Structure formats: structure tokens, C-alpha cells
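> Listed below, chain by chain, are the residues.
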Amino acid sequence: MKRGSVLSTLVLLMTLLLIAGCGGGTSSQPPVDGSPAAQEPATSKEIVVAVGVDATSMDPAMSTNITDKHVATAIFDTLLIRDNDMTVQPNVAVRWEAVDPLTWEFELRPGITFTNGEPLNAEAVKFTIDRILDPDFNAPSFAQFTAIERVDVIDELTVHIVTSEPYPVLPAVMAELWIVPPGYVQEVGKEAFGQQPIGSGPFKLVDWVRDEHIILEANPDYWNGAPNLSRVTFKPVPEQGARITMLQAGDAHIVAGIPPYMVAQLESHPDIRIATAPGARSYFVGINTLADSPLKDPKVRQALNYAVDVETIIDTTLEGYGQRLASLLTPRQVGFDPDLEAYPYDPDRARQLLAEAGYPDGFTVRFEAPNGRYPMDREVAQTIAGQLEQIGLDVDLQVMEWGTYVNQFREKPEEEMAPLYFLGWSIPTFDADAILFALARPGQTYSRYHNPEVADLLLEARYEIDAERRVQLYHEALAIMREDAPFIWLYQMDDIYGIRADVDWEPRSDERIYLDKADIR
Amino acid sequence: MRLVVSRLLDTIPVLLGVLVIAFVLVRLTGDPTLLMLPPDATPEQIEAFRQRMGFDRPLAVQFLDFVLQVLRGDLGDSLRFHQPVSRLIIERLPATLELAAGGVIFAVVVGVPLGVWAAVSRNRILNALVSGFAYLGQATPPFWLGLVMMLYFAAILQWLPSGGRGTFAQLIMPVVTVGMFLVAMIARLTRAGMLETMRRDYIRTARAKGLAERAVIYRHALKNALIPVVTVTGVQFGALLGGAVVTETIFAWPGVGRLLIQAIYNRDFPLVQGVLLVVAAGFVLVNMLVDLTYRLLDPRIRLD
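Line order of the protein sequences matches chains B and D.
Numbering follows my numbering, with no gaps: position 271 of the first sequence is 271.
Numbering follows my numbering, with no gaps: position 199 of the second sequence is 199.
Calculated from the structure, these hints are not laboratory results.
Warning: the hint list may mix true and false statements.
[As the list claims (entries may be wrong)] With a straight-line cut-off of 20 Å between C-alpha atoms, the simulated SDA-like cross-links for lysine to any residue are: (1) B:Lys190 with D:Tyr202; (2) B:Lys412 with D:Lys223; (3) B:Lys190 with D:Pro43; (4) B:Lys45 with B:Phe363; (5) B:Lys69 with D:Gln83; (6) B:Lys412 with D:Gln83; (7) B:Lys412 with D:Pro13; (8) B:Lys69 with D:Arg27; (9) B:Lys412 with D:Pro58; (10) B:Lys299 with B:Lys204; (11) B:Lys190 with D:Lys223; (12) B:Lys412 with D:Thr29; (13) B:Lys412 with D:Leu59; (14) B:Lys412 with D:Leu297; (15) B:Lys190 with B:Asp130; (16) B:Lys412 with D:Pro43; (17) B:Lys296 with B:Arg351; (18) D:Lys223 with D:Tyr265; (19) B:Lys412 with D:Arg27; (20) B:Lys412 with D:Gln51; (21) B:Lys69 with D:Pro39; (22) B:Lys69 with D:Ser86; (23) B:Lys190 with B:Val169; (24) B:Lys190 with D:Ser86; (25) B:Lys190 with D:Arg87.
These numbers come from a predicted model, not from an experiment.
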């Protein structure tokens, strides 16, 4: 350290670190964003989807977050599929029927192969389901499959799925069953399969660099027609503002979860269009009807429903991007009752009901809500708290991080659970069973309501194979619940997407991004 | 050498403390069962899941298991990613090092000359400008600076990519975002140090010897003025090893900070513990290097 300046040594050291950093991490992939698309030949059609989170696993049986499901949708095929109205349609299976109340027969489309050449046959379907049912496998979707007792291979293209009880939701569950290649999965093992998946779907995985990108390329031999797009990139960008900037800069083509207040600004951009789909999530305030409190009285709970001005919340906080719900179900769910009437906003009636119940001066109530879990969750909770105070309640609103919030449902005994709690509930099966069974029957994690009549109806509906009769049972249950008012029913939101104007793609109610028919001009 | 060894031994209780804190804190808010299972899972399924994952065992047993595992050099598997924690961290370390080193280089290259300039210049306006800039730089929140730069340079002018990692262009905005705070801090410290040193007798002697002003400033004065700068730079570099969470989030930079935040949100116990341990070790190591650098700058400083 005679004459050389310390400064230059320091800079040299840092530069070395920097070079080491660059050398270690930069993959040999061509940059997929930022730089002009000129590197690719003119015929290539590629789009970038900016998503909030990276995938956790590409093994579809292990998928937990929405990006996992986007990727599974691109790489794999489901046994059945939902159309844009969320009705279950044939896909890999061309035909299905309940041959008896416990046995479902599926006939598979001939000639489908995985991209490694393995045939997609009855054996593959059996393998895929057996894998999820294996308790040691720890599949997050395990709960939906527990009704399945076994899978029988009848011949190359016919399987029987046998359930332990009648299970009318089975076809809906099969629209979530991404079929995996048995030979490849057994060869590479669970962990490697989650990193290097092989499926039969419209796209193939090219490269996954964590938190950087997931690059997929078209499967030209896809049985349902080669995709128009040659390449699809999912880019995890956690910050919403950054995703929107990417859309504006043309670095991303599809961005989900546009907040309502950003719509006007994006619509004024010449290269961006806004598209919406009615969301699958039902938002409500749960009421703890089991603890010893004024909320035990149905009159009080009805009062709460009269006190909340849902239409105004939709018009102001959600800027109109939502629809009022009269029950826990959204219109596209099996069991939905279009004739059920939502509680109107009537604060006078609310005050009157409170007085009749013996609380003319109101009471103090704790209201818990998550922060950042759902769009505008904190704002909506604050508005509801304010409206409840209008009828004389003293609301102690507590807003908390999702992980902390959700853990209370398991950890706290019923009487300590929040008297009022805000939740948004989405069910991939689009069937009343999952949401009503979990929320309106005693002993379930998130349920704080018990009416024996409703509980029996829900149990009966769960096992009713006759579709019409089943819907009827749900209508009966919903009507009783309306009077019991164990929830403050709120709304469903529209899912708002920002899309580059040259991209031909429309959003769906199940939040999935199917890209096999998408195109870019 | 003995010094290095004894310093390394000193770090053991620190790291043990980190282990305990990481282990306890992340568990205080509950386990990830409900976050990982679908909402309609029954209470029985939830209990079965907790048993399989070992969350139902006493905390002390879980902790002992964890410590033994770490001693074997195994950080465990991530609950969410179903992969070894060590691999997940190693995948992201290059990006974090790149951003931290880039930010520090940017800060030193801009901040030190700025500070010297402000100290030796007799122009009061210039002096005030540099000081003003320094305060502004320290007061600007990184998320604001990052978003404004992104809006301007990526969305409006479209000169720079809005995020991601791989090219030099993608490095610019994140580096400026993490570095700006440090530029301001270094400029202020350098200026203060220079003003202090320039009054010393040995500087007068150097000038009296007839040395050129440049040589006086850069060879004699700056070296002594730099000691606090090195301290701060070292500490900040160490802190950046934990990931510049905000910057990484805004610019979709795949670094350790984002990994840690996700791990916390997911209650991914092994991943939180692993990241904290590695980051703490890095921080301790950098601080040790800073201590050793003092001796190079000023041999009068003894460390033993």
C-alpha cells in the first residue's frame, strides 16, 4: 500500500466481485426482454406474460400458486377441460359417464403422446391419480381426490374411476387433473420432474431460471393443433407498478390483476387494451355465530347485512368492476340460485333489527381482515367498518398480513376467533360443494356456522348424482342461509387484464391463461 | 493469521444467535399448513399434513433437529419449492453480489470525487449544491426513485429495460437505485473527512515541501479521510448481501432479498432459516474484511 491509492484497490476488488457475480449467474439464454426483438426471425411470434410470483414447481401435482397452474396448463393436458363459460367439456377424455353411482367411465382420445413419445393412455391416467393419492407424496390438491378409492384400467383407452361414496363433483375435479408421463416421472424422480417436466400440452419447457423467467416453446405436434405462438415467457415481477410499466413499455404483453384505479390510464394508451372476466372469487364477511356474543342472534346478523352498502363499495372502491352477490356462490358455480335476492342497503331497518334484538345502542365488535391478499382488501374492510359504525356498532378493525391472518383459523378456538372476518373464496371446481361444505358446516377450519338443516342438505347434495335434484338441494340450503345470515355477502370482482393491442387473447373466469389459441399480429 | 482465526471464532456465537432468532421468529406466526393446503381441506387432512411435515413436534425437538442438520452442512429442503435450500440460495447469490457490488462501485466512484470536490472547492454555491444533493440522496426512498426512473426511462423514453437481469442495460437502474443512498452518504463523509484532514499539520508540511495541490489532496489527505468511508461502505455492502429487497422487487431482480420475502410470506421455515444464516455469515465476513482494511489505511490502528 505504498503509493497505490486505497480507493483504486477498493474499486478493483468490487469490480472483481461484480465480474464474478455476472459470470456465475448469467445464463446463456438470449435476453427475452428489454432488447429489441430483432434477434429473432420475423416469423417468430412470442409473448411475455408478467406474473406476480415465480412458479414453485412444474410438477402439476405439486402446484400451489397461480403461476404453477399457468405453466401446468401450457405444458400438460387435463382429462377434461372447462370452456369459457366454465362448463366442463371433453379434452383428453372424449366421453365420460357414471356407469353406476360409484364408478365413472372415461374414454380417452386415441393417439395422444407426450413430447418424449410416451403414449397418453389409461395407464398414464391411473398413474397420475395414484400419485396424488399416495399420502407420502404430500400433494396439495390431495383433499379433492380423497373420495377416489381406486382407478381401474379397463383397456388402453378406457379407465374407471371408483369412488368410495357417490361423488358428483368428480368430472369438475378431472378438469384439474394434468396428466403426467409415467415412464419419465419414474425415471427422473419427483424432484427432477418438478424442474424438467415433460407433458403432452401445447408448449414445452425450454428454460426456467428462478425469479427470472420461464420460457416455453410451441409443441408443433400438439394433438389439438400447433399453437400460433412460437414462444411464451412468464416473467415473475413482484411489484404491481413494475408489471404495469412493463406493459406500457411493451416488455410484457399480458398482465393480470390490473387495479381498477389504473384502468382509465391504461385505456388511454394506444397500444394497450383492457379486458375483464367475472372473477371466480366470492367475497364475504364471515360471522362467528358459535361464540357467545350478540352475533348469535340471526336478527343482529341480518342487521349487519342491511347495514353494508355493497353497491356503493362496488361503484367507488372497485370503480364498478364487480357484481353484487346474494350468497356465497358466483353465477358460474353449480348450485347458484339466480332468483335469490341480495339484502338491500337499509340502515334504518338495520337499526330497527338491532333494537328488536336488544341492542338499541349497538355493541363493540372486532373485525379482522387481511392486507394485500385480495385487491383493495384493506380499503373494503375499512369501508365496511365505517358503515357498521353508522348503525351504532363500535368496530375494532384489525388488518394483518395473510399468513398471520389465516393461521388463526386453525390455532384459535372458536370463541376466540374474530367475530367478523373478511375472506375471498375461490373454488377451482366451480361447484357449490367445496365452498358451502367448508364454510357452512360445523367442524370445518373456516366455518363458524351450524344449522343442522343446512348441514344435512349439504351432505345430501354432496352425494346426489342426479344433477337437477342436487341443484335443488343447494337452492334450499341457500334460502335457509339467507334468513340465518351467517355471512355478510358482498361481491365478486372482475379480473382486469391489461393486454397489448396486437395480442389476440381473452381472459377467463378461472384466472387461467390458456395460450394455445392465442396469437400476436 | 492468528488474528483472522480468532475473528472467525468470534463469529460463532453471532451465527448461533442468528440461528435461534431465525428459528423462533419465523415460527411465532404459525406454520404454513393452511397456506399450502386448499381452502376446503378438512381439519383431519390439515392435522395429517402437519404430522407429515413434523410441525406438531415440540419446538425444542424441531430446533435440535435443525441445528444438527446445519452442523452436517445441510440446510434442509424448502417447503414450497421442494428443493434443497442451499441450491436455492446459491442460484440467487450471483445476482445479489452483482447488485451489491454494482451499487457500491457506483457509490464510491461517484461519491468520493464528489465529496473531495466539495471539500476543496472554494466555490460556496458548488459546496452548497453538493451538500444539498447529499441530503436529498439520503432522503429519497429507493422505491420512489426506482419507480420514477422506471416510469421515465423504461415506459416513457424506453431507453432502458423495465426489469429483469442478464444485460448491462438491465443493471443500470437497479444499481443506481441501491447506490444513490450510499453515494450521498459517501459524499458527505468524504467531504467532512477531507475538511478535517486538510487542516492538519502534515498537510501544511506537504504543501510547504512544494508538492502539487493534486498530490496533496489525493495522496496525503484523501487516504486519511477515507477511513470512515471504508467503514460505511463495508457495512452497507454487507447489508446489501441480505438483498436490496425493495430494489429487487421493483426491478424483478432475482436476488436473495426476494427469496427471503417470499419465504417469509410462505412460512417456508427451512428457507427463511437458511437465507438468514447465509446472509448473516456474509455480513460478519465483510465486517471482518473491513476491520482488516483499516490496517492498510492507517498502520497505527491495531486490532488485537
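> In ascending order, which of the hints set out earlier in this document are inconsistent with the structure?
1, 2, 3, 4, 6, 7, 8, 10, 11, 14, 18, 22, 23
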